[in-house]
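**Student:** Now for the letters of each chain:
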Amino acid sequence: MASAPVSEDIYLPRTVQTAVKLLIVGHFAVGKTTFVGTLSEIRPLRTEETMTQAGALVDDLNGVNGKSTTTVALDFGRLTLNDQLVLYLFGAPGQQRFTQLWKDLAVGALGALVLADTRRLEQSFEVMGLLEEFGMPYAVAVNDFDNAPSFPDTELREALDLLPETPLVTCDARDAGSSTRAVIALVEYLLTRPVQENA
Amino acid sequence: MTPHRRERALVRPHVVTGGRAHPTRNTFDVVTVVVATRASFSGLTPEKRRLMELCRGGPLSVAEIAAHLSLPISVTKVLLSDLFDSGHISTHAALPRTAHPDLQLLKDVLDGLRARL
Chain A
0 MASAPVSEDI YLPRTVQTAV KLLIVGHFAV GKTTFVGTLS EIRPLRTEET
50 MTQAGALVDD LNGVNGKSTT TVALDFGRLT LNDQLVLYLF GAPGQQRFTQ
100 LWKDLAVGAL GALVLADTRR LEQSFEVMGL LEEFGMPYAV AVNDFDNAPS
150 FPDTELREAL DLLPETPLVT CDARDAGSST RAVIALVEYL LTRPVQENA
Chain B
0 MTPHRRERAL VRPHVVTGGR AHPTRNTFDV VTVVVATRAS FSGLTPEKRR
50 LMELCRGGPL SVAEIAAHLS LPISVTKVLL SDLFDSGHIS THAALPRTAH
100 PDLQLLKDVL DGLRARL
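Chains as they are written, first to last, in numbering that gives the first Met the number 0: chain A, 0 to 198; chain B, 0 to 116.
Please keep in mind that the hints were generated in silico from the structure rather than gathered at the bench.
Errors might be hidden in some of the hints.
Unchecked claim - With beta-carbon atoms standing in for the labels, derived distance ranges:
(1) A:E164 x B:D110: 49 to 55 Å
(2) A:Q95 x B:T36: 37 to 43 Å
(3) A:F27 x B:R115: 34 to 40 Å
(4) B:A38 x A:R156: 42 to 48 Å
(5) A:A147 x B:S41: 54 to 60 Å
Said to hold, decoys possible - Computed footprint of chain B on chain A, listed as stretches where at least three residues anywhere in the stretch have a Cβ under 8 Å from a Cβ of chain B:
(6) 16–30
(7) 114–123
(8) 138–152
(9) 164–174
What the hints assert, rightly or not - So the derived list for chain A, only partly shown, Cβ under 10 Å to chain B, looks like this:
(10) Y10
(11) L78
(12) L130
Where is the CB? At the ideal position from N, CA and C, for every residue including glycine.
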């Protein structure tokens, strides 16, 4: 279980010129927090944002049932890619009722990585729908849970109704190399997209 | 995974921001990098003083400032906006807000990620 070294220093290099962000999205308990924590060079941080509109439903969380507040927690991590460029990964909840939060996060985001669980593939549709609504390019990474069944890619693609060009990879959110490769698959895909203004 | 209850600030967010829900400017993204530019904190409210004390150590993104201060991002943006107006902070690493980021930026991200493997 390799993970990125955690720096004691919370600050960015003073030479940083550009900060970019990617969204790590998916349904509840799909491994977003683990994924972000595995890749982050700093202790992953959590911030809370209060939603302006009350959600119609509450999360299906054992022990938190009846919680009707509209506060959502955002987990995020940081990767300094070179002395001028830093990448932030934001783990974002996948429910439609967090649309306002998405508007804030999605602006300027390079793209999104959808984490999926083969035991609950159908729960990924809502978040993929949201991404399409926001016009945000995405790749899908199946988080390889120990007790989850594995399927051939063709079956997974069909089950998730993916476009032929949408990357599909398998990763272990607890492993830094595996998780890094999943992010790389997303960025490689972003580079192949046809419309590149200001390029 | 289960969100644990965070210690609440003694002062409610709307008091911290002087009753305002929106910043005076809309230039702060969650990944906008903030740098302290003034060493004197005189005249600042306690929350702004806390923010400046945090930022004095080096550059941080808006999201990191919010997390370290246990403030919602929206409240943090209001405070930062005031501090920007009063010359206490500057921002850089402004996020490209184009729908399609330029190729060189994506290539730099890719190179940085590959170097970590």
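**Student:** Taking each numbered hint in turn, which are not upheld by the structure, reported in ascending numerical order?
**Tutor:** 1, 3, 4, 7, 8, 9 and 12
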